[in-house]
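Quick note, the sequences are listed as chains A and B, same order.
If you read the first sequence in the numbering used here, its first letter stands for residue 142, the second for the next number, and so on.
If you read the second sequence in the numbering used here, its first letter stands for residue 1338, the second for the next number, and so on.
Among the hints, a few may not be true.
[Unchecked claim] Facing chain A, a subset of chain B residues (Cβ under 10 Å, in silico):
{"#": "1", "residue": "V1348"}
{"#": "2", "residue": "R1352"}
{"#": "3", "residue": "Y1369"}
{"#": "4", "residue": "P1370"}
{"#": "5", "residue": "Q1427"}
{"#": "6", "residue": "V1432"}
{"#": "7", "residue": "P1445"}
{"#": "8", "residue": "H1450"}
{"#": "9", "residue": "A1453"}
{"#": "10", "residue": "L1454"}
{"#": "11", "residue": "P1459"}
[As the list claims (entries may be wrong)] Simulated restraints on C-beta separations:
{"#": "12", "chain 1": "A", "residue 1": "R321", "chain 2": "B", "residue 2": "G1569", "range": "56 to 66 Å"}
{"#": "13", "chain 1": "A", "residue 1": "K301", "chain 2": "B", "residue 2": "L1572", "range": "44 to 54 Å"}
{"#": "14", "chain 1": "B", "residue 1": "A1542", "chain 2": "A", "residue 2": "K301", "range": "50 to 60 Å"}
{"#": "15", "chain 1": "A", "residue 1": "H307", "chain 2": "B", "residue 2": "V1382", "range": "32 to 42 Å"}
{"#": "16", "chain 1": "A", "residue 1": "I326", "chain 2": "B", "residue 2": "R1471", "range": "53 to 63 Å"}
{"#": "17", "chain 1": "A", "residue 1": "V180", "chain 2": "B", "residue 2": "P1575", "range": "55 to 65 Å"}
{"#": "18", "chain 1": "A", "residue 1": "P374", "chain 2": "B", "residue 2": "P1559", "range": "34 to 44 Å"}
{"#": "19", "chain 1": "B", "residue 1": "D1519", "chain 2": "A", "residue 2": "R355", "range": "37 to 47 Å"}
{"#": "20", "chain 1": "A", "residue 1": "G279", "chain 2": "B", "residue 2": "T1487", "range": "36 to 46 Å"}
{"#": "21", "chain 1": "B", "residue 1": "T1421", "chain 2": "A", "residue 2": "S344", "range": "15 to 25 Å"}
{"#": "22", "chain 1": "A", "residue 1": "A278", "chain 2": "B", "residue 2": "V1382", "range": "56 to 66 Å"}
{"#": "23", "chain 1": "B", "residue 1": "S1431", "chain 2": "A", "residue 2": "M216", "range": "28 to 38 Å"}
{"#": "24", "chain 1": "A", "residue 1": "E213", "chain 2": "B", "residue 2": "P1575", "range": "32 to 42 Å"}
{"#": "25", "chain 1": "A", "residue 1": "W229", "chain 2": "B", "residue 2": "P1587", "range": "35 to 45 Å"}
[Stated by the list, open to error] Lysine-lysine pairs mimicking DSSO-like chemistry, simulated, CA-CA at most 30 Å apart:
{"#": "26", "chain 1": "B", "residue 1": "K1607", "chain 2": "B", "residue 2": "K1515"}
{"#": "27", "chain 1": "A", "residue 1": "K418", "chain 2": "A", "residue 2": "K329"}
{"#": "28", "chain 1": "A", "residue 1": "K329", "chain 2": "A", "residue 2": "K301"}
{"#": "29", "chain 1": "B", "residue 1": "K1366", "chain 2": "A", "residue 2": "K301"}
{"#": "30", "chain 1": "A", "residue 1": "K418", "chain 2": "B", "residue 2": "K1366"}
{"#": "31", "chain 1": "A", "residue 1": "K418", "chain 2": "A", "residue 2": "K301"}
{"#": "32", "chain 1": "A", "residue 1": "K196", "chain 2": "A", "residue 2": "K170"}
{"#": "33", "chain 1": "B", "residue 1": "K1543", "chain 2": "B", "residue 2": "K1366"}
{"#": "34", "chain 1": "A", "residue 1": "K170", "chain 2": "B", "residue 2": "K1366"}
None of these hints come from the bench; they were simulated from the model.
The C-beta atom is built at its ideal place from N, Cα and C for all residues, glycine as well.
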Amino acid sequence: MSERRAAPTVGQVVLGRRLQELREAAGLKREEAARALRVASATVRRVEMAEVSLKIPYVHVLLTAYGVPEDEVAMFVDLTEEANEPGWWQRFSDVLPDWFSMHVSLEGSARLIRSYEPHFVPGLLQTPEYARAVMEAGTIGHTGPEAVERHVSLRMARQKLLTREHPPHLWVIIDETVLRRPVSIDGKVMRDQLDRLLDASESGHVTIQVAEFRDGPHPGTSAPFELFRFAEPELPDMVYTEYLTGALYLDSRREVASHLEVLDHMTAGAASAQRTKEIIAEYRDGY
Amino acid sequence: MTTPEGAPTRVDTSRPHPARVYDWWLGGKDNYPVDEELARRILAVDGTVLRGARANRRFMQRATRTAAEAGIRQFLDIGTGIPTEPNLHQIAQSVAPDAKVVYADNDPIVLRHAQALLRGTPEGTTEYVHADARDPETILRLAAESLDFTRPVALSLVALTHYLGDATDGDDVHGLLKTYVDALAPGSYLVLSQVTPDLSPDAIAKAAEHFRRSGTPFFPRPLAEFHRFFDGLELLGPGIIPVYGWRPEPEDVAAQAEGIVPVYAGVARKP
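Excised from the complex, chain A in its bound form (with noise of 0.2 Å):
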């Protein structure tokens, strides 16, 4: 389990990871890889974990000591280059916590996105007006209305990836309680949220399931949680799980496998994303 401070972009965890796999296929250890830096042997794990930024000269030396050919190397450096650019989502840095841009990070890069919301509808599928109302309600008095301005347009440009080119494919299950509980007393807010939903389930790319009360428990009685997954098949799954005044990433084989077995169960035990459309919009016509 670990909690990062600083933001690695997916990019720069891959490129670190690479540098390892380089690194013990020379044969080397972290002590002898340092000393081709003359630096310490931790700046050598923190450059491989992604903890500090790849800087090129590094990059240089330590492939040339690992014997990497030459051409790989110029394109191992056009790959640092481009991870080592700032996101999109940095001038949103005003109302965006440290903790959450690893967050937009991964979701950008992510092939396929499952979520389990047991709350709210997931962001990525919110209308403007929902998530205004959501926040609104979810800050206590220090956030004023200019600031869940911003948060709302962070929100909708994160959106963005779902109708880009070779979108990501999202699969969600919500619990029942997101088609039943308002967040406004203006009944269209909630119409228009479950037409979104109606519309973004006929996509090819967005899978919908609602895990129904009639069901009974599931196992997914933990806060919500969402799994990333990448095209690069080096890279692990990632769960990202938050608290109030944080989040969780992880990574490690048994808390993902744990979280991707409690996903499997709801999706087995969750109604059809045909069924679902129909659930949706019974929901709809009721407020």
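Take the given structure of chain A and dock chain B to it, following the hints.
For chain B alone, kept in the frame of chain A given last:
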């Protein structure tokens, strides 16, 4: 998902599941530590399983393409497993966008994965049936909601029959296959691959023992037994052959250099 009424939604993830063991061999991430453990244990006694799993996937692709190019527009895949790109409907619908594909699996988790992630072309149909291969009546009845069995269908059971026993084990796999084939129209295809003890008997015996001990009976079959699945059908060239050798593409020829794969494959046409 089409489910027979009252079909139990049994989910037991405390024991390894063959589809997830297979997923680990293919380098997938939809498996749990218990599956990985068995996958590794089998890999230790039979070093061919990684390339065997890949070879089965590639065979499914070549056989599906062959059937689609021969004009078949309906596909029934039993024992679909965890989605792995490219999937059967992608191959079939890349040849013929209007191809109809029905996937059947008995595991609710596996099937939900297929349902969530295997989306076909708008012109074609991609459907999912929750039923067991041992229950051909149910599979055929539910598949018939999407497929027209008076017209040719390519029926595939890729790397599945080695999980089904003989009459003496209560499964009668040859009888099951006959029931399926009897339901097919003339011009239909049967696509099969399965593990054999013929090529590396010791390794396969050990692998089978690991499967059995984990609660999954395993039935490798010699050539004559595999051949019997195709009784009354016309085998397409080159006949029954170790899986990489079935109409290999350059990539398969290259893969053959890695060594044997103790899996037979064959495709036959119903006259």
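How the hints compare with the structure:
Because the smallest distance between the Cβ of B:V1348 and any Cβ of chain A comes to about 5 Å, under 10 Å, the interface hint for this residue holds. Residue-level restraint check for B:R1352 is violated (minimum Cβ-Cβ distance to chain A is 13 Å; threshold 10 Å). For B:Y1369, the suggested interface contact is upheld, since its CB lies about 5 Å from the closest CB of chain A, less than 10 Å. Because the beta carbon of B:P1370 sits about 5 Å from the nearest beta carbon in chain A, less than 10 Å, this interface hint is met.
Because the closest C-beta pair between B:Q1427 and chain A is about 12 Å apart, greater than 10 Å, the hint is violated. Given hint, B:V1432 at the interface with chain A, is violated; its Cβ is 20 Å from that chain's nearest Cβ, farther than 10 Å. At about 4 Å, the closest approach between the beta carbon of B:P1445 and any beta carbon in chain A falls short of 10 Å, and the interface hint on this residue holds. At its closest, the beta carbon of B:H1450 sits 8 Å from a beta carbon of chain A; the interface hint therefore holds under the 10 Å criterion.
With a least beta-carbon distance of about 4 Å to chain A, the hint placing B:A1453 at the interface is held under the 10 Å criterion. For B:L1454, the interface hint holds, the least distance from its beta-carbon to any beta-carbon of chain A being 6 Å, beneath 10 Å. For B:P1459, the suggested interface contact is upheld, since its CB lies about 9 Å from the closest CB of chain A, less than 10 Å. For the hinted restraint 56 to 66 Å between A:R321 and B:G1569, the CB-CB distance of approximately 57 Å keeps it satisfied.
For the pair A:K301 and B:L1572, the beta carbons lie near 53 Å from each other, so the given range of 44 to 54 Å is met. Evaluation of the 50 to 60 Å hint for B:A1542 and A:K301 yields a pass: the beta carbon distance comes to about 56 Å. At roughly 41 Å, the beta carbons of A:H307 and B:V1382 sit within the given window of 32 to 42 Å. The hinted window of 53 to 63 Å between A:I326 and B:R1471 holds, with their beta carbons roughly 55 Å apart.
Between A:V180 and B:P1575 the beta carbon distance is about 60 Å. The supplied range of 55 to 65 Å therefore holds. Evaluation of the 34 to 44 Å hint for A:P374 and B:P1559 yields a pass: the beta carbon distance comes to about 36 Å. For the pair B:D1519 and A:R355, the supplied restraint of 37 to 47 Å holds, since their beta-carbon distance comes to about 41 Å. Restraint check, A:G279 to B:T1487: a C-beta distance of roughly 59 Å breaks the suggested window 36 to 46 Å.
For the pair B:T1421 and A:S344, the supplied restraint of 15 to 25 Å holds, since their beta-carbon distance comes to about 23 Å. Between A:A278 and B:V1382, the C-beta spacing of about 58 Å keeps the proposed range 56 to 66 Å intact. Taken as a hint, the range 28 to 38 Å holds for the pair B:S1431 and A:M216, whose Cβ atoms sit roughly 31 Å apart. At about 40 Å, the CB distance of A:E213 to B:P1575 agrees with the hint of 32 to 42 Å.
Our hint of 35 to 45 Å for A:W229 and B:P1587 holds, since their Cβ atoms are close to 42 Å apart. For a cut-off of 30 Å, the pair hint linking B:K1607 to B:K1515 stands: about 12 Å separates their Cα positions. Straight-line distance between C-alpha atoms of A:K418 and A:K329 comes to about 19 Å, which keeps the hinted pair within the 30 Å bound. Of the pairs offered as hints, the one joining A:K329 and A:K301 holds, with about 24 Å between alpha carbons and a cut-off of 30 Å not exceeded.
Simply put, B:K1366 and A:K301 have alpha-carbon atoms about 27 Å apart, close enough for the 30 Å limit, and the pair holds. A threshold of 30 Å between alpha carbons decides the hint, and for A:K418 with B:K1366 the separation of about 29 Å falls inside it, so the pair holds. Proximity of A:K418 to A:K301 is assessed by CA-CA distance (about 23 Å); at most 30 Å being required, the pair is judged to hold. Distance restraint check for A:K196 and A:K170: the Cα-Cα separation of roughly 20 Å lies within the 30 Å cut-off, and the hinted pair is therefore satisfied.
Between B:K1543 and B:K1366 the CA atoms are separated by roughly 25 Å; this keeps the pair inside 30 Å, and the hint holds. At most 30 Å may separate the alpha-carbon atoms for a hinted pair to count; A:K170 and B:K1366 meet this at roughly 29 Å.
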